[in-house]
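Peer 1: Sequence:
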Amino acid sequence: MTLIKKKVTEDSWIVQKIGAPLISNAVQVPDQGNMYIARYEKEGIVCFGKAWNEGGVVQCEFACGGKKLQGSDINDEIQVILIDTVGSSLEICNILLGMRRLAEALKSELLTYDGNHVTKGFFYDWMKFVTWLRHPNDEFCVPLRCGSSSAVVLWPQKAKLGTLDIEKKTATFVSAEQVVLLAESELYDCFILMRNLRDAPPCCSCEECKKREALEKVRYATLQYVVETYSSNQSLMVNEWADYYVGDTFPKMKRLIKALDRPLNTLNGPEEQYVALWYHFGQAIMGRAWSDANGKIAAAFVSRKMPFLSNVIGSLQLLVQVPPSAAGFDYSWQPYYEAAKIGTKEWNPVHIGFAAPCVLVIDKEGHEYLGSADLKAEIATTVVKNEVFRLEGCAIYHFKVLCRRDRDDTQAI
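Residue numbering for the sequence shown follows this note's numbering, beginning at 1 and increasing consecutively.
Keep in mind that a hint or two might mislead.
Label pairs and their computed distance ranges (CB to CB) [claimed, not checked]:
{"hint": "1", "residue 1": "Asp114", "residue 2": "Lys345", "range": "48 to 58 Å"}
{"hint": "2", "residue 1": "Leu133", "residue 2": "Gln178", "range": "23 to 33 Å"}
{"hint": "3", "residue 1": "Pro136", "residue 2": "Val8", "range": "17 to 27 Å"}
{"hint": "4", "residue 1": "Arg407", "residue 2": "Asp114", "range": "24 to 34 Å"}
{"hint": "5", "residue 1": "Val180", "residue 2": "Lys345", "range": "51 to 61 Å"}
{"hint": "6", "residue 1": "Val57", "residue 2": "Pro263", "range": "49 to 59 Å"}
{"hint": "7", "residue 1": "Gly65", "residue 2": "Gly282", "range": "42 to 52 Å"}
In silico DSS-like pairs for lysine-lysine, Cα to Cα no more than 27 Å straight-line [as the list claims (entries may be wrong)]:
{"hint": "8", "residue 1": "Lys341", "residue 2": "Lys128"}
{"hint": "9", "residue 1": "Lys296", "residue 2": "Lys210"}
{"hint": "10", "residue 1": "Lys341", "residue 2": "Lys210"}
{"hint": "11", "residue 1": "Lys67", "residue 2": "Lys158"}
{"hint": "12", "residue 1": "Lys210", "residue 2": "Lys7"}
{"hint": "13", "residue 1": "Lys17", "residue 2": "Lys67"}
{"hint": "14", "residue 1": "Lys158", "residue 2": "Lys169"}
{"hint": "15", "residue 1": "Lys364", "residue 2": "Lys345"}
{"hint": "16", "residue 1": "Lys68", "residue 2": "Lys168"}
{"hint": "17", "residue 1": "Lys385", "residue 2": "Lys305"}
{"hint": "18", "residue 1": "Lys67", "residue 2": "Lys42"}
{"hint": "19", "residue 1": "Lys42", "residue 2": "Lys169"}
{"hint": "20", "residue 1": "Lys168", "residue 2": "Lys7"}
{"hint": "21", "residue 1": "Lys254", "residue 2": "Lys217"}
{"hint": "22", "residue 1": "Lys7", "residue 2": "Lys67"}
{"hint": "23", "residue 1": "Lys42", "residue 2": "Lys217"}
{"hint": "24", "residue 1": "Lys341", "residue 2": "Lys305"}
{"hint": "25", "residue 1": "Lys169", "residue 2": "Lys128"}
{"hint": "26", "residue 1": "Lys258", "residue 2": "Lys376"}
{"hint": "27", "residue 1": "Lys211", "residue 2": "Lys7"}
{"hint": "28", "residue 1": "Lys305", "residue 2": "Lys168"}
{"hint": "29", "residue 1": "Lys67", "residue 2": "Lys168"}
{"hint": "30", "residue 1": "Lys305", "residue 2": "Lys7"}
{"hint": "31", "residue 1": "Lys254", "residue 2": "Lys210"}
{"hint": "32", "residue 1": "Lys158", "residue 2": "Lys385"}
{"hint": "33", "residue 1": "Lys128", "residue 2": "Lys158"}
{"hint": "34", "residue 1": "Lys341", "residue 2": "Lys169"}
{"hint": "35", "residue 1": "Lys341", "residue 2": "Lys258"}
{"hint": "36", "residue 1": "Lys158", "residue 2": "Lys217"}
{"hint": "37", "residue 1": "Lys128", "residue 2": "Lys7"}
{"hint": "38", "residue 1": "Lys341", "residue 2": "Lys376"}
{"hint": "39", "residue 1": "Lys258", "residue 2": "Lys217"}
{"hint": "40", "residue 1": "Lys120", "residue 2": "Lys210"}
None of these hints come from the bench; they were simulated from the model. Each residue gets a CB set at the ideal place from its N, CA and C atoms; glycine is no exception.
Could you put the whole structure together from the sequences, leaning on the hints where they help?
Peer 2: So, in structure tokens, the structure goes:
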């Protein structure tokens, strides 16, 4: 499906005094309780760093020109980013830089966001550096930058914000009172601040997302009604999906469809994985669920080439194992090349649209993960180590896909 570019607003930056109260709507770095995104320019060089609230007033630090800079080094003024509706990021940066030069002042800036992904046309997101390297030209998810090269990068292990040089693929941070330079291979676990024009933020409460969630609930209720009505005097002949939420107690007493009917050989050892269904913006996504260390439901899905894990999923559905004589069919895991055949066959894939549950073998050692296969595009995906794993074409032909075969010995229920 071709994505249509939305009308998006632009970033602009606003000056704020160091030592003054933090302005409203400053963008906070996820999982970093007191960290905000700041920008500073000196002699044409743009640097990014962190600002924080200290005793009710703002402080900041940057790695710029090989030195650590803080409030007293930048004339005690910083700026914050707001949303504007005209111009490009590069144009606005050039205008702001020119204004600062004319004023002969040295200033720093904070990033703010007021609105939502519908009114603004984008939201701020964080992407792993190594993931961005695989898709650097995605026009619907682009780094926030000033000029052609400088971008914002988070070093989560040290809780530091710094400047990413996109062309050189290096980054500078302030750590232990010194400026630290990280090379490309050292940045793989760091995160880049992105402008996401494609999706909505997790757990979004805007009116559009509320409407989509309501439609999904209506769709599921309608399906349940059809199943219950039809099954009153017929065999089911319909896959039964049970509704749950990530974080619910895992339903040990309910018979669920287990991948390959056995524990899978994962990188972390044997693990029982179960067929799961999730709707992302109305699109059916097949993935996996499992019981975590606390006995709660955890899950992983791949949507739009991005991994989605437990904390952003919310509601999902698990496939229930109904007795074959009552359901009207048997389940079995069959090779992809058999499941994807066109025409009459004994075993037909369990699918919604072109998505079907599929067990991927991810390496020569035979490690296995439950994910999804696209029966039309010949693509299989899953989540491994919080990253998308994807294979296509003949590489997936022998992966096992969940299928079903009709039975004649069904009973009315």
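Peer 1: Tell me the hint numbers this structure goes against, listed in increasing order.
Peer 2: Of the numbered hints, 4, 8, 10, 15, 20, 22, 23, 31, 34 and 36 do not hold.
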